Structures are given as structure tokens and as C-alpha cells.
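Kindly produce the complete structure, drawing on both the sequences and the hints.
Protein chains in written order, with the working numbering: chain V, 1 to 256; chain L, 1 to 265; chain W, 1 to 171.
There could be a bad hint or two in this list.
What the hints assert, rightly or not - Partner residues aside, some chain V positions facing chain W, computed with beta carbon under 7 Å:
hint: 1; residue: 126
hint: 2; residue: 127
hint: 3; residue: 129
hint: 4; residue: 130
hint: 5; residue: 131
Unchecked claim - Stretch-level coverage of chain L by chain V, calculated; a stretch enters the list once three of its residues show a Cβ under 8 Å from a Cβ in chain V:
hint: 6; segment: 57-66
hint: 7; segment: 70-81
hint: 8; segment: 145-159
Simulated from the structure, these hints should not be mistaken for lab results. Values in this document were obtained by computation on a predicted structure and should not be read as measured data. No residue lacks a Cβ here, since even glycine has one placed at the ideal position from N, Cα and C.
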Amino acid sequence: MSDVLLDRVTKTYRRRPALQGINLRLTAGTTAIMGPNGAGKTTLLRLLATAIRPDSGQIRIHGADPNRPLELARIRTRLGYAPDGNDLDTRLSVLQFLHHVAALKGLDITERNRDIEQQIEALGLGHALHRQVRQLPTGTVRRLLVAQAMLGRPQLLVLDEPFADVDHESRHLLIDVLRRSSDHLTVVLAGHHLNDLAAIANRLVILKAGTVAFDNTPADLVAAGLATTNPDDLSPLEAGYLAALSDRPRPEPDPM
Amino acid sequence: MTHPSRAELRGYLTSESSDFEADTIEHHLVGCSSCRVEIRDGEWTNRSWRQLRTTIRTPPRSRPERTLVTVGIPNHIAHLIAASPAFRPAWWLSVAAALVFAGIAAGAVTTNPLASLPFLTVAPVLPVIGVALAYGIPGDPLTQIAAVAPHGGFRLLLIRGLTVSASSIALAVLAALFFLPPNAAFIWLIPSLAATAATLALSIRMAAPVAAIVVVTIWIMLLGATTIAGTPTDAFTIGPHLLVLAIAVAIVGGARNSAPSSAAT
Amino acid sequence: MADVDDSDLLAAIARGDEEAMRHLHAEHASWIRRRLLRRFEDGELVEEAIQDTFMTVWHKPNAYRGEGEVGAWLWGIAIRRLIDLIRRRRRQPSTLVGSVRSAEDEALVGLEFGEFAGILERLPQELLGVVRATILDGLTTREAAVLLGIPQGTVKTRMVRARALLREEFG
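Here it is as C-alpha cells:
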């Protein structure tokens, strides 16, 4: 019941298939979705965040069906979603932004203050609270996006590119927060930063042209990398990543 | 300037120093950082700061927001309605658009009753569409976040639409009373107020988009009936009655629905 | 030195920097509290006055015009917030008037402080309270009356006597 399940999920944009028959079962812990641009990462995340619906196939989030309005409402009360927020352009201050999102999530004033206080501490947003969001550096915006996703104690956290263009301090804070949250909730995140993602995820899913090319632990990807010839002196992780994306057939990973 | 000794500072803190000493020390403290550190009560300062920080971090509630909470609107919804100044331009834009619509409709319809039909058809949904255009920048991350939040998306649109309709009606009535030659332009905004309120009320029981379809269907049927009867504008007088009915049904149903759960908590 | 830091802090506070606010509070809250408590013993009201003071600073850091010590400016806000609270508690109409130190009082404060305080020491106890409130703390007669809990007329007559004595001391 506590799983997120995708069963033969397909999504097509203007006749260009974005996802083709995806089967995934995500349990508590952190799953990183990787792959080149256009491989379907954001589409997969938007499906999990109930922002779009699949063309075919089934999705179950903690046992609930997002196609049914009342179950959808239940899913959304326990969902945190951070879209790729590069262009977050609002005159709201950080504090107003957090209060706005908390109200959108239906938190009453005590829960709102409590959760916001917690996220400010966890993500080190104290210094930026009263500044306009549009004036913040990228790293702080990424932290803010994760903070808003955590409001209302979600069970499922869906984060698109949380590490893109972030500074050192932000990266450390984000990794720390995500590591701590993966004990008790299901985190799904997408990105390009192989090392960061491998550091926090206990599972890597590599997408290639809308299909799953790799689905196993980071350690397994390292092992796959060590098994390749690796002529370019890449790290085992990178070699494994490239091997997963190459056209060479490779043995299927154990289906858990 | 010579600093007071530690013993003198301690005497000041324990109220053992003479008035003369105390006055001198106080005068000195105004400008001396190192002696201020010397007498600082760290524990009290931390407590005082935490209290201050909480106040700083609680955005002041605007008067409209407080009023809404007083009349019983749940405080998260009050917060969304009253919103932050950052959203106000979009809100005023929506109100202006609604008023322009009412003005045009009232002007066009006076001559021929059948000319009212196109205006009547769009009347219930137009302000909500206006709100969607004014607030929603598609692809904006905040819009994306709102779209999947329990009180974001369509419900938020309806709530904002409701405030826009209600405020526009108030403004149109005021204008008719004081500024313009008496006219009934405001009547063109009543269908949207009724439809939005009914949709919100019904969305207690069903998904908000389904509720919207139900309400719009009822409106179109009503309009069809009154048009066949030859007086499409009768929809104005019947519509609000249906609205009251819909809200009553939804609230009674909603109350019955939520009663067991509230008893359990 | 400390002064430069304080005005930098105020500038940062004007930009909404909470950390700067924490520093300013840490620097000043404690001594201001002590000083208020020495004038008015109700701890609860003093706490409230401190909170009010720093909230005022948070919302209007630009009210500091760069004249004199930031500490003196903060004290001026704090003592008035306290008097305001005392007034409200006693349900008196609240009308705040700016400080109206006379030129003569200014001359007194302008003295080397030790010298001035030494003269004060020789004043009778009941006159000392009034002089401290008006000359040292810069309050108006009305504010001093609220703080000391005595009628305005009494403050005035005591000030007349105090001034006469002080004039004698200066020779």
C-alpha cells in the first residue's frame, strides 16, 4: 500500500512519445531519475506529481488512483512537488511565498507557522526570508522550492532538478535534508548530477528515449562501470552511466 | 573614557550600586559595546530573541484577511483570498475586465432582448476566465505548484473568481448609485457570482471540474428554456434561486458527510 | 567603532536581513532591559516594551537619522514604549509628545557626565527621580509623571526646586 506504482505507463506529446510502457514500483527511500535531455524525466515526474495524466497505463500512489477525483484530493494532501524553478519570478518575499504555498495546501495557521519555521531552519533560509524571491541566487531558490515541497508533511516528494546550478552551501544543505527525509518518505528526484544523485539515492533509474535503461542501486551502476573497458578514464559511476545509455545489449537487472 | 570595573558592573546588575554609580554606568553603556557584552544576560537574550523572531516571521494579517477569519472563513482560504500585495494587480485587472464586460452587455442589450443571448451565455464563466488569464502564467513554477496543491488549481480559481464577481457587483452598484445615470449593469455579473458560488458549494461533494460542468449545464438549460419562452433575461431571476438551492443541498450533504469524521476527532 | 557596526546593522535590517536584527538585539536588548527595570519594576511590562521596541526597529530602521549613538536612539524608543504601555494599563489617553529638554537641561547634560552625576548625588531623593526621568532619560513632564506614577503638577514643582538647587551648585 505504501508504494508508488506505475504499470505500463505511456505518455505522448504531439505524436512524439515521451514515455513508453514504464513499469516502476517505488518504495520508501530516494529514487533518482536520470537520463539525457528529452529522455522523459520531467514527464515522469509530472505524472507522479499528478500534474498530468498518462495516455494509457495505471498509476497508484500509496494505493490511491489519481484518476478518481476524491482519491486525487487525498494524494495531493500528502504530496510535495518542486518543479524545475529556474524561472521562479515573483514579487513575493520568501516568507510570503512559503505562507502562500502552505495556504494552498490547506494548512491552518498553527501548522503553517510550525512547518514553515521547521523548513526555514532545515534549509537555512533565515537570511533570505524578507527578500523577494526573484532577487535570490539560484541555490537559494532551489532550497526554497524544496522547503515549500516539504510543507504539510508529504509522504511523496517529487523534485525536478534540485541540484541544477546550485552553490556549495546549498548543495550540502539539500543533500543533508534529502538524506534525512528518505527514512520516512518516498522521494523521487530528477537531475543530471550523477555524483550528487548517487550520494543520496538508494536507487537509480536511467531513462533513455522514454524507456527504462537501468534500474538498480548506485553500487550496481558502479559495478557495471568497473566491468566496462573504460578507455576515457571516467569514474566507474560515469562509465556505468554511459554503458547503460549505450546501445550495446546488457543483462537485465534482477526484477527485485 | 574609563570603563567601570567588573565589580561595579556586577553591583549594577544586583542593584547594590549607589544611584550615582548606577547612573554613571547607564550613561556609559549607551556607547560602550565591550561593557554591554560584560553585563549581557545570555539566557534571557536568547529567549527574548526567539520571541522576537517568531513575531518577525509571522506576516501581519491584513485587515481583509482578519475580517474574513472573523466571519468564519477558514484561515487558509482567508489568506488566499486576501493574499499578498504582489497579487493585487492581477485582482484589479480581473475586476476591471468584469466591469467592462458588464458595461458592454448592458449597453448592447437595451435595444433588442435577443441580443442578450450571447452575453448571457458567457456571463457565468467570463470573470473566472478573466481571473485565469490575469493570475496564471502557464509554465510559471508557482502556477505549477498551485496546480497540484489541494486548495490550488481549479478551486483557487473559483475562490478568486468569487471575490472578483462580488467586488465587481459592489462597485457596479456604487457606480450606478452615485456616478453614472442609474443603470442595471451589475445584473450582468450576478450569473457569474451565482455560478461560481454554486460550483464551489458543489465541490464539497464532487470534483470541482465536474461541479463546474454540472452548473454550466444547468445554466445553459435554463437559458434555453427562457429563450424558448421568449424572454431570455428571465434567467436572471431564476438563476439565483437555483444557486441558493444548490448551496443548500451541498451544505446539508456536506454536513452529513463530515459529521461522523468530526465526531471521531 | 561599535557605532559604525550598529548603523551597518540598521542598513542591513532595512534590506530585511534577519541575522542583522539578531545581532542588534543581542547587542542592546539586555542593557536596555536592565535600565528599564531600574525605572519600572514590572518585569512583564518591560518585556513587552522590549519586544515592541525591536519590532519598531524592524519595521522602521530608517527612523535612525545617523545622529548620536544608536544605543541612545534605541533607549529613547524603549522608554517611550514602556511609558506608552504603562499609560494604556492605567487607561489614560495616550498622547506621545517628543522630548522637550530645555536649553538649560541640555547644558546640564553637556557637562562631563561624572561631574553632573556628582551634583545629582547631592539632591534629595524625591527630586532625583524627577531629574533622572527628565534630564537623563529625556522625557517630557507628562511622560515622567506616567513613569513615576505622580501627578504632572508634582513633577513640575519638583523640577522647579531641582533646577534652583542645581543652579546653586553651578554657582
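Quick rundown of the hints versus the structure:
no., hint, in the structure
1, 126, "5 Å, holds"
2, 127, "5 Å, holds"
3, 129, "6 Å, holds"
4, 130, "3 Å, holds"
5, 131, "6 Å, holds"
6, 57-66, "holds (count 3)"
7, 70-81, "holds (count 6)"
8, 145-159, "holds (count 9)"
The structure shown violates none of the earlier numbered hints.
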